[in-house]
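Student: Protein chains in written order, with my numbering: chain L, 1 to 326; chain D, 1 to 198.
Worth flagging that the hints you see were computed from the coordinates, not collected in a lab. A virtual CB, placed ideally from N, CA and C, is assigned to each residue, including glycine. Take these hints with a grain of salt, some might be off.
[Stated by the list, open to error] Derived DSS-like pairs (lysine-lysine); straight-line CA-CA distance at most 27 angstroms:
#	chain 1	residue 1	chain 2	residue 2
1	L	LYS302	L	LYS273
2	D	LYS167	D	LYS117
3	D	LYS121	D	LYS149
4	D	LYS117	L	LYS157
5	L	LYS44	D	LYS186
6	D	LYS186	D	LYS121
7	D	LYS103	D	LYS117
8	L	LYS273	L	LYS295
9	L	LYS157	D	LYS167
[Said to hold, decoys possible] Among the chain D residues that face chain L by a calculated CB cut under 8 angstroms, a handful are:
#	residue
10	GLN12
11	THR89
12	GLY93
13	ASP100
14	TRP109
15	LEU137
16	PHE140
17	LEU175
18	GLU176
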Amino acid sequence: MSFSALDENWLSPSQRAQIDSWPDPVYNFAENPISEDGFQLGRKLFYDPMLSRDQTISCANCHLQYTGFTHVDHAVSHGIEGRKGTRNSPALINLAWNSSFHWDGGVNHLDVQAINPIEHFAEMDNTLENVLNYVNGNPEYRSAFFHAFGDSMATSKTLLKAFSQFTTSLVSSDSKYDQYIRGEVGFTEQEKNGLRLFDNFCNRCHTAPLFNSNRYASNGLPIDTMYNDVGRYAITKQGSDSLQFRIPTLRNIEHTYPYMHDGRFRKLREVVKHYAEELDRSNPYLSEELKSEMKLSENEQKDLIAFLCTLTDRTFLYNRRYSFPN
Amino acid sequence: MSSFIHAQKEIQFDCTSHQLTEGYEISILRFYVSNIQVKSTDGRWYSDQVDAHLIDKEVPSSWTISLVDCPKNLDIDSVVFVLGTDSLTNVSGILDGDLDPIKGMYWSWNSGYINVKVEGKEQATNTAFEYHLGGYLPPFSTAREIRLKTSTANSLRISVDVSRFLKNAKVEERLEVMIPGPEASKLSSHLSTCFSID
């Protein structure tokens, strides 16, 4: 990675060392230079329930740090007044490397992502304008915006860039896997075998070190008729995108259950079993990478899961800089 | 060096003249105009310095666009502009001015600008219609370049014949378009033919 191109205030020195060999981030920090004040402002906004119309939920309600910033135990999340959405809340991990957002990739830039949860009927059901009125009428925020952006009057631009200063900083790069790659710890035989299987069967889509792809694919899940969610097709109206969903990161996957775009699987073993045993390979929509057999014995499935658990990053999950601000 | 301010060339968008006589009641007419260029009769080009303008029937001050570098008395041969916003604008994240999402011309679930909003009803049949045209992803992009040759060389008054657009839309039997896709793309092409210059 070319650090000269990066914002000097992005991440701690140890985090920067950890991502030294990673690809360059997609996010353009030149258009939103990170500052401590900006990061702290974004953090304050992220944890503020006043952003929702009835002042009951914050971003953190569906994105809890200890579970990789997703909504643990909820197949789909609920917003204000218990309104339910139709998709599993995505984990917020290494977003600076994502070129689009949401399960269908409908959001094309991190800076405009936060408008969705703020305005979505089943999430905060508020308006961007109301949120601006709220922060501009609040002395603490006025001071925070002044320190972060040199103007106490928040605009759509500074509000949303403040969110990005926080969310781009949610970097997970210190899992057991990362430590193993850096030669700091060893893997058990089971984890080593899991890594070998992962490289054979999974890495083409969930590509290390980010364990995702900025692409969409059909993983062969039959459509859930309760939601009739056509995925990427809703965005592009191209038949070939039907039933395609984002290829998400697998970092911290041990803690981000339930799984898949609609949270239909509660256990990692159900996910692995889906790919190894249950997939209909003749499904015409199926992603190319999944068309060949993925034969795994019961023990191999366990080994693969043991490897996936090495992607848990406790430094990330318990980093106090990411938690509720005091 | 002299520092007086030259009178600037102005383009006027007339949003109100046609539909009144054609039996339509237009409640909302808003559209983006971007990348404006004018060509003088002696062949010089002048470009607008502002990325995009939101023209709103309800906001008369939005109907006039001043071209900073273009002298008021210059004879103009033609005007070229984009109805809507270009794809670069649509992938540029959060923007301000007329492109601020709080203007109500932005889709957050499918990032991008609503290039055109036309809402109202046909008076005779009391039929409501609602068209939100936008989308930048090929093949259903909705920005349309419009080239208009002037007849009087000095006045730049551009009219939008919304009733003609509505008749076209009705032929397509669509009363509502709210998402990017083939319908929005087709109707954007229709609308782009409904602009004329004095």
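Student: The structure should be examined with respect to each hint, and the outcome stated for every one.
Tutor: Checked hints:
1. At most 27 angstroms may separate the alpha-carbon atoms for a hinted pair to count; LYS302 (chain L) and LYS273 (chain L) meet this at roughly 10 angstroms.
2. A threshold of 27 angstroms between alpha carbons decides the hint, and for LYS167 (chain D) with LYS117 (chain D) the separation of about 16 angstroms falls inside it, so the pair holds.
3. With a C-alpha separation of about 32 angstroms, the suggested pair LYS121 (chain D) and LYS149 (chain D) falls outside the 27 angstroms cut-off, and the hint is violated.
4. For the given pair, LYS117 (chain D) sits about 23 angstroms from LYS157 (chain L) by alpha-carbon distance, which is consistent with the 27 angstroms threshold.
5. A C-alpha spacing of about 45 angstroms is found between LYS44 (chain L) and LYS186 (chain D), which places the hinted pair above 27 angstroms, so the restraint is violated.
6. A hinted pair counts as satisfied when its Cα atoms are at most 27 angstroms apart, and LYS186 (chain D) with LYS121 (chain D) qualifies at roughly 21 angstroms.
7. For the given pair, LYS103 (chain D) sits about 12 angstroms from LYS117 (chain D) by alpha-carbon distance, which is consistent with the 27 angstroms threshold.
8. Taking the CA atoms of LYS273 (chain L) and LYS295 (chain L), the gap is about 10 angstroms. The hint holds against a cut of 27 angstroms.
9. As the CA atoms of LYS157 (chain L) and LYS167 (chain D) are separated by approximately 39 angstroms, the hinted pair breaks the 27 angstroms bound.
10. For GLN12 (chain D), the interface hint is violated, the least distance from its beta-carbon to any beta-carbon of chain L being 29 angstroms, above 8 angstroms.
11. Because the beta carbon of THR89 (chain D) sits about 11 angstroms from the nearest beta carbon in chain L, more than 8 angstroms, this interface hint is broken.
12. Taking 8 angstroms as the C-beta contact cut-off toward chain L, the hint placing GLY93 (chain D) at the interface holds, the least distance being around 4 angstroms.
13. Look at ASP100 (chain D): its Cβ gets to within about 5 angstroms of chain L, closer than 8 angstroms, so that hint holds up.
14. The beta carbon of TRP109 (chain D) is positioned within 8 angstroms of a beta carbon in chain L (closest approach about 5 angstroms), and the interface hint is therefore held.
15. At its closest, the beta carbon of LEU137 (chain D) sits 6 angstroms from a beta carbon of chain L; the interface hint therefore holds under the 8 angstroms criterion.
16. Because the smallest distance between the Cβ of PHE140 (chain D) and any Cβ of chain L comes to about 6 angstroms, under 8 angstroms, the interface hint for this residue holds.
17. For LEU175 (chain D), the shortest C-beta to C-beta distance to chain L is roughly 19 angstroms, which exceeds 8 angstroms, and the interface hint is violated.
18. Checking GLU176 (chain D) against chain L by beta carbon gives a least distance of about 16 angstroms; that is not within 8 angstroms, so the hint is violated.
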